[in-house]
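Q: Below, each chain spelled out in residue letters.
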Amino acid sequence: MAHDHHHAPDLSAGNLTGSSLAMHARNCGIAAAAFLGFGAWNGFRSGDTAHFARTYLVCMMFALAICLGALFFVIVQHLTRAGWSVAVRRPAEALAQNLRWMWVLFLPIAWMGWTGHLDELFPWANLEEMAKISPAEAQLVANKSGFLNERFFFVRAAIYFVVWGGLASFFWTSSLRQDRTGDPAITATCRKWAGPSMILFGLTITFAAVDWMMSLSPAWFSTMFGVYFFAACVTCGYSVMTLICLRLQRDGQLKGIITAEHYQDLGKLIFAFGVVFWAYIAFSQFMLIWYGNLPEETAWYLPRQVGGWLWLSWALLFGHFVLPFVFLISRWPKRWPATLAAGCVWMLVFGFIDLYYLIMPHVPHDLGEFANYREFAEKHASDSPHLGDPTLIFLAAGVLALVLAMTARSLKGKSLLASRDPSLGESLAFQNM
Amino acid sequence: MTTLTTTQTETKTIAPARLNCLLAEFENPAQIMAAAEKVRDAGYRYWDCHTPFPVHGLDGAMGIQRTILPVLVFCAGAAGCTTGLVLQLFTNSFDFTVWAMVWVTGYPFLISGKPALSIPAFIPVMFELTILFSALSCVGLMLLMNHLPRLHNPLFTCERFRRASDDRFFISIEARDPRFYRSKTEAFLKSLGASAVEAVVED
Chain X
1 MAHDHHHAPD LSAGNLTGSS LAMHARNCGI AAAAFLGFGA WNGFRSGDTA HFARTYLVCM
61 MFALAICLGA LFFVIVQHLT RAGWSVAVRR PAEALAQNLR WMWVLFLPIA WMGWTGHLDE
121 LFPWANLEEM AKISPAEAQL VANKSGFLNE RFFFVRAAIY FVVWGGLASF FWTSSLRQDR
181 TGDPAITATC RKWAGPSMIL FGLTITFAAV DWMMSLSPAW FSTMFGVYFF AACVTCGYSV
241 MTLICLRLQR DGQLKGIITA EHYQDLGKLI FAFGVVFWAY IAFSQFMLIW YGNLPEETAW
301 YLPRQVGGWL WLSWALLFGH FVLPFVFLIS RWPKRWPATL AAGCVWMLVF GFIDLYYLIM
361 PHVPHDLGEF ANYREFAEKH ASDSPHLGDP TLIFLAAGVL ALVLAMTARS LKGKSLLASR
421 DPSLGESLAF QNM
Chain F
1 MTTLTTTQTE TKTIAPARLN CLLAEFENPA QIMAAAEKVR DAGYRYWDCH TPFPVHGLDG
61 AMGIQRTILP VLVFCAGAAG CTTGLVLQLF TNSFDFTVWA MVWVTGYPFL ISGKPALSIP
121 AFIPVMFELT ILFSALSCVG LMLLMNHLPR LHNPLFTCER FRRASDDRFF ISIEARDPRF
181 YRSKTEAFLK SLGASAVEAV VED
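Chains as they are written, first to last, in the working numbering: chain X, 1 to 433; chain F, 1 to 203.
One chain only, chain X, in its complex shape (with noise of 0.2 Å):
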C-alpha cells in the first residue's frame, strides 16, 4: 500500500552489509576475553566454589535467556506470518543462531559434574550429605531421583543444546540461503516448522528452567517456573537485539529499513512481554504460594523476603514493572532512539537482576529452629544480595560482549537484511495505525 510520498529506502549493499562489524566483533571478542578472565580468575581466586558456580551459573542463564529470547522472536515471526518484521528479523536470527555455540557455556558445569562436585551447585547429586543437614528435604528429593540424577541431568541438557543449536541454525541459514536463491519457498518451509519449533522450544526451556534454575531448591516446585523463565528470555532476548538494531543504524547502516514504526512495535513487545507479562507471571506465582502458606513452598521466598534481599525484591517490583510501565507505556519513548536505547538497558540490567533473584539466594536450612519468621527475618537480617560483586559483574559483562562478539562475527559479510523475503515489501512500508 505505498503512496507516492514514501521514498523506495536504500537496498544498495553499502546499506546492508555492516563495514563496522568486524570492529565490534573484534572490540566485543577483547573484552570478553579480559572480563570473563578476570571474572573467573577473581571467582577461583576467592576460594569458595559454590559460590562462585552460582555465580557463573546467573551469568550463564543471562547468556542464554538473550539468545533464546531471540530465538522465540524468529520462530513467532513465522509462526503467525508476521510482515511488519521483515526488516528487524535479521538481527534476531544472528544473536539466536549464537545457540549453536552456547553448549560450550555449559562445559564448566559438565566439568563439575564430571570431577563429583556437581553437588556443590545442585544439593540433589548428594543426597547423603542432604540428609545429614535435613532428612526430611533429603526424603523428599529422594522421591524424585528418577529424574533428578546426574546421569539424567546430562542426557536432558545435551536435548536442549541440540534442539536449540538446530532450530536457531535451520531459520537462520534458511534466512541467508533466501539472500541468494530469493526462493519464496524458503519462507514456506519455515512458516511450516514454526509451530513444531514452537512446540520444541516450550518444552525445552521450560525443562531447563527447572533442571538449572528450580532444581538449585530441589525439594521445592512452582508450575510457573518455566514461564517465568520464558519471561526472563522475552526481556532479555527483545532487549538486546532492539539494542542491536539501533546500534547498527547509528553506525549508518540500515538506513531508512528500520524507521520509527518498528522501533515502535518493538518497544510495545518489550512493555508487553517484559514488563507486564513478567510482572503478570511473577505475581502469579508469588500470590499462589503466599496464599497457600504450605511451608515446602513458602521457604523458597523466605530468604528472599530478609534483609537485603527484600530490597532487591522490592526494586524488582518498581524497577522492572512499575517504572518501565510509566515510561514505555506511551509512544513517543518507544519511537525516539534514545529513549527506547535507555528503556532497553534499563530493562537488560533489571533482567539480570531478576535471573540474580532467581538463582542466588539459598533456601536456607535451618527453618525447623525458628517458632515463626520474625524470629527468622532477625537472624538473617545480616543476609544481603552482592551485586557490586566483581566476580559477577565481569562475567556478566563478559557474557554480554561474547554473546554480541558472536553476532557481530556471524553478521559480517553478510546482508543485515533479509532482502529477498517476499514480506519486505511490506515491512518498509509498515505505519502504526
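Treat the hints as calculated values from the structure; they're not laboratory data. Be careful, since some hints might not be right.
Okay, derived cross-link-like pairs now, SDA-like style, lysine to any residue, Cα gap no bigger than 20 Å in a straight line [claimed, not checked]:
no.	chain 1	residue 1	chain 2	residue 2
1	X	268	F	73
2	X	268	X	323
3	X	268	F	74
Small disclaimer: the values here were computed from a predicted structure and weren't measured.
Please arrange chain F on chain X, whose structure you already have, making use of the hints.
A: Then chain F, alone, in the frame of chain X:
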C-alpha cells in the same frame, strides 16, 4: 416553496431538498492524498475522506490531530485500579460505616490467617477492574468521540457513493462548513482533479 394540495382538506408543505454536502470522486489513493492536503490547507473544517481501505498517511494529509483517547483510557484504568483497592480496603479491612445510597459497614473477616489488610490478595481484583474500566471506556469513548452510533448518513442516498467500499475514493465537504459556497467549493473540488463532483441532499 412548492406547495402540494391534496384532494382532502389537509395541506402539506414539502421543503426543497436541502444541500448536505458536495461529494468529489477520485480514482486512486495518490489523487485523494494530494487533494486532501489542499482541502486541509484551504481551511475547511467539516469534511471527510471515504476510502475502500485504510490509506497510510491520509490522517496527516487531512490534518487530523492525534486522539486523546489513550490518555482518557489510562485515566479510566487508573480509576478502575483505585476502585478495586478502595472497595476491598473498605469491605475487608476496616469496619467503619459510610453512606453509599444506604448505610454500609465494612466487615473484616479472617481468611486463612492473613491480615485484614493484605494487598497481595487485593491485586487480582484491582487488575481485573483496571482492565474492565479501560476496555469499556475505550470502546464507549471511541463511539462517543466518533459521534456513533449513527444510523443514517445522507451520503447513503448517493448511488455513486456505493463505490466507496469498492474502487473509488471520495472527499465530502459539508454545507454547514463556514467556508462552504456551493459554486466556489464545487469549482475548487474540480480543480483538485476530481473525476466527478456531485451534490448530496438531505432526505
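Q: All hints are to be evaluated individually against the structure, with a verdict given for each.
A: How the hints compare with the structure:
1. 268/X with 73/F: holds (17 Å)
2. 268/X with 323/X: The hint holds at about 15 Å.
3. 268/X with 74/F: holds (16 Å)
Hint compliance for this structure: no hint is broken.
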